[in-house]
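J.: Take each chain as given, in its own frame, and dock them per the hints.
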Amino acid sequence: MTKVKSLADLKAMREQFQSNLDVREKSNNQEEMVQIKVAMGTCGIASGAKQIMEYMMEKADGMKIRAVFIQTGCMGHCNAEPTIEVIVPGREPVVFGLVNNKKADEIFEKYIVNNEMVDGVIAINNEVADK
Amino acid sequence: MAKYKMHVLVCGGTGCKASQSAQIVENLKAALADNGLQDEVQVVTTGCFGFCEKGPIVKMMPDNTFYTQVKPEDARTIVEEHIIKGRKVTNLLYTDPETNEHVSDSKHMGFYKKQIRIALRNCGFIDPENIEESISRGGYEALGKCLTEMKPEDVIQEIKLSGLRGRGGGGFPTGVKWEIASKNHADQKYVVCNADEGDPGAFMDRSIMEGDPHCIIEAMAICGYAIGATKGLVYIRAEYPLAIDRLQIAIKQAREYGLLGQNIMGSGFDFDIELRYGAGAFVCGEETALIHSMEGQRGEPTFKPPFPAVSGYLGKPTNVNNVETFANIPVIITKGAEWFNKIGTEKSKGTKVFALAGQINNVGLIEVPMGITLREVIYEIGGGIKDGKEFKAVQTGGPSGGCLTKKHLDTPIDYDNLIAAGSMMGSGGMVVMDETSCMVSIAKFYLEFTCEESCGKCTPCRVGNKRLCEMLTKISKGNGTMEDLYELRNLAAVIKDTALCGLGQTSPNPVLSTLDNFWDEYVEHVVDKKCRAGVCKSLMSYEIDQSKCVGCTACARNCPVSAIKGDKKMPHTIDTAVCIKCGACIERCKFGAISIK
Ligand SMILES: Cc1cc2nc3c(=O)[nH]c(=O)nc-3n(C[C@H](O)[C@H](O)[C@H](O)COP(=O)(O)O)c2cc1C
Ligand code: SF4
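Protein chains in written order, with the numbering used here: chain A, 1 to 131; chain B, 1001 to 1597.
Since the hints were made in silico from the structure, they are not lab data. Built from N, CA and C at the ideal position, the CB exists for glycine as well. Among the hints, erroneous ones may be present.
These stretches of chain B come out as covered by chain A in the derived footprint (C-beta under 8 Å, 3 or more residues) [said to hold, decoys possible]:
id	stretch
1	1132 to 1142
2	1250 to 1261
The calculated DSS-like cross-link candidates involving lysine-lysine, where the alpha carbons are at most 25 Å apart (straight line), are [to be verified]:
id	chain 1	residue 1	chain 2	residue 2
3	B	K1003	A	K26
4	B	K1029	B	K1113
5	B	K1029	A	K5
6	A	K59	A	K26
7	B	K1231	A	K3
Covered stretches of chain A, as calculated for chain B (at least 3 residues, CB under 8 Å) [stated by the list, open to error]:
id	stretch
8	2 to 9
9	16 to 22
10	33 to 41
11	59 to 72
Next comes chain B alone, as it looks inside the complex (with noise of 0.2 Å):
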């Protein structure tokens, strides 16, 4: 067999693939057989690397070098130059924003530094649709381990010490969740993972499968054996078809390896999977209604109990676990749990993938230690604000979670503190805001997303978030009165006290949490009816400065809705009764004389 002196790591997520990473591979093969390289070179299409926002990345091994925003036209510079002549392709490598210095190692880039990988210890590194190199780095040990080292009571027992807690949203305790349905016997049961995502902005989930689907198969026939179900079920998105695919081609893989299918590793056990798709609805992601969508029946939620670990998929002992969190599992049983111990803080263990989105210098995937500080996530990782401007609020948790804000810059970011400080875990997005973000407007936003996926099975979120987004609209639009503020606490505490499930319990939580942390914001709308922001139209309006105004008329020939009055070579004047907030006079004025107040 050939052996390649170099390989050539070519990202292809879904953000990269979408910009082009499937040509640059194309043009780097090319490129390569036309200098009579291909068998020195490999070529290599990987999961996620992270570094989202200067995808598509492209990575030379062994020297480490980094390449960012490769277009497929590069790809000929990269072999003549970097390939052939050994020199590095300058002005593809990364750009330190504070030292405005070349990075070429990505170990040395500041995205880098304080992450660990343990969920995606594998993504951005290997072909996610070769088994051989999954198995190259340790994939399936961990389940030939369980299968003849270990007892299912001892996997159990190890999963329990790590302290490992579900990475879906809630952080129930994982080990215990698998003792529960390992005590509840019947003829059979079932794993099902939870690979809805529906939290608008994230993508651990997807990136996780599309870089590593083999670790998610190994976890899930290990929960199968812990538990005593030979079944399991990936439910998906249909929305996720990269990430749907390369499950598929790993399944079918593990199946000709005999690593799924009967008797695995001559143990006696049996276990397969198959793939079931949801539509993407929100409230889907939530267990009791995942179970009914994957029965056939409406997706909706159920009262619990019974739990999925009593009465779960078609009535029988069910686990549900999070995609994340399953790929853990096969780290904790090589490593050990004391190992995974070692690694969080004393009640949130090992770490956590978070998709870092909004108003931020590197949008992301990042994998940090549990207890990091968002200081170090923003500022370290994130590189800080966008444009230099001030960071305000970031969201974690998403629809069903809060903001967090300067006060909390040092808090360790963990389950609990995290819930201490009015937010959740949730999922993992994290969305950064700074001064030009209203966070009326963001309570909002997620409002809106709730009233749209609520199911309608309940009153309280049916009508209670309906409710609630009207009133937010109302004082967006500056005809709220300070009785709505109230109104909208009280309101809120209902809905949480009453909803059935998840979603209508915790959709409250932007709207209190913004109300906490930026009531004089709220107070402003209400009173001065003033957006500092600048987001809230209705509030603002425009003003032309007579002393300035020449009379030139460009503005009242562009407005589109003829608001804009006046004779020429005299001062102009808006009708704020007519005008729509658009922008469009304040591009055309030459002479700065119209402003917004």
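Next comes chain A alone, as it looks inside the complex (with noise of 0.2 Å):
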């Protein structure tokens, strides 16, 4: 193991590390981060709401984006698996359906960035959303 040699080394280690709390420090700050719910029901584990989920993460680190990712059970829309609601601070809620990897570009690039709507928008009761 390495030594702390001095302060710039404690605060290299402290770099090192600090990811591994990420999911962490995330979560005691939702309210300031984009927050992107994913339904795994069933339905949407079946129709690969995992592996979305994992290319969003990516995508989010690659792209700088505080996100925190949480996993919701069944949001209503089997129809329209894999199903993510997108929360940016500031806007109302959106749900996305029928999510694949160029679908998360899209919403990633457009929505979260410059707030541009893209396809897929499931329309929904925000009261009921929001519960």
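T.: Take a look at the structure:
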């Protein structure tokens, strides 16, 4: 193991370890971050929700977007799985259906970054979605 | 390295461990492995979350779901429902007692809303046995900053400016204490962390050491740098095995990383820490007694001056601070005195950790800004009095403190206000009492504790407290007189004036403050021979209502001392001289004929 030989060493070490706690740090400040809820009902998992979540996590890291990914139960859009709900701070939650890697790219590059709408939005009643 | 998508934090504090939280961790890991999720979900044992009332606690991250009273057999459900299917396990969620709704995110729980966590910043968030998690949260950076960017005087100045006062009870300004120790020159000086925590019911310091031991190590090293000491000692009671364990692991890791030992971070500063075990005597928390105990002598206090800062451990300048005091230090260094200064009241800065106990809904560990009111603590954080009963008093400061009552509910809590109200901050125990508590008995409870714990060195404390205790016993037995009440006050004043150490000087406080605030109740005990709370057994008598008794003999057959007499089918009577007031008869009577008078 390497010894800490200076304050700079320690800071470098912090950088290195920090990502291990990322999930926890983020969960304390969810409201300030892009929240992406991935429906993980049986139907969601069957249609690849897990893979899409992993893809998006990498995408977010790559684009340096602070996002928190949360698995939720079935959102009731079983015909449009994988379904994800995206909450950008200050905007209303939006649900996207039939998300694949290409759609995910669009959601990140257009919707999250530029607030440009992309296809595939599922109209929802927000009050229900909030619960 | 695997990147975990989810973290499951399980409380591994002493309380939750006692309710099998280690088994929960095992079961979670097994269930994850069965589902091939061991690389996706990390299970972490952390320190105390504070919400001990509903422990064991399991917290899911990143969605911040807070599960309470989890049992080992729930682990599989959590994995299969929450982790695999993303459905919350509703029966494990916390239910808000007011709205009766499930609250899943701990941020929305009344218990956490008003809290500010400085000393407890990492408790319940990191794995205390893993130095890397501490470093990820900025651990040891304050030490690095001191060693590389600040002179010892600057460190002391910063602590002075922060307004931090000792959390061990006395409330002495920490920066001033460090300055005195730094100005006393000697070939060797010592930094001592007082982890004796002897107040009945207190577990603040234990939780900090169990949840974030690295912050104590870091702070002690900072103190060493500031005052010019190279050796640190933690005086900890042997009854805290888990805290000892975690401290030892932490010290070992810090040495391995070069954060303790020689030439720390290339600065030329050396510092190392050893543990010293106490046998759990209350008086050994007093700093001079503590030092004698560490030297292998009897744990008895000696007269101050000389203060430890002048002549302490082995006659060398020694700086003694409490665990929680130390826990604040790294944050003050990193965030600055000015930041810290903004929290709290004019003369009491920062936060205070309290152990909430007694007749309150949310028993647990809380950290609140100084200046918060008792009402906020009891009703908003504590969730009110148990079973909808009425609030009567809250005892703060343990055996050295006193009782606050309804009229103090809106007093901002800080060192000076508590003293003005006849109590004190103490180390942070807060015992909440409802209408079923008898204040004479409460005073007696604390006096019995001091009598047990008095070291016996000086007469006022050894004999005086015993006399106080005898008088209280007499009163609770119904044999007290009004003269006794006045004599209580006189004797209490003499003990306060003449006892040698803090233990004796403060031991009459529970008596004095109950006399002040509940005089009527004392008079009732003495004049009317009544205990309104129904606690003092000698003042109660059991009676059979002759018109309701049908002579079924159920009571007579169950009385363990045969105090009930009467013929079959005829009303019975109780011989009050024989009756031991155990209540067995009341439980048996189907006709509601027996009552307590
Ligand atoms: C009877 C008695 C018991 C004490 N017990 C403790 C204790 O358990 N923990 C503690 O930190 N201070 C205790 N103190 C206070 C210490 O003497 C000392 O003031 C304190 O450790 C100083 O640290 P601080 O300035 O950081 O509060 C006790 C004092 C007395 C008189
Ligand atoms: S006051 Fe009590 S505890 Fe303190 S020295 Fe005297 S006898 Fe001992």
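J.: Please name the hints from earlier in the document that this structure breaks, with their numbers sorted from lowest to highest.
T.: 4, 5
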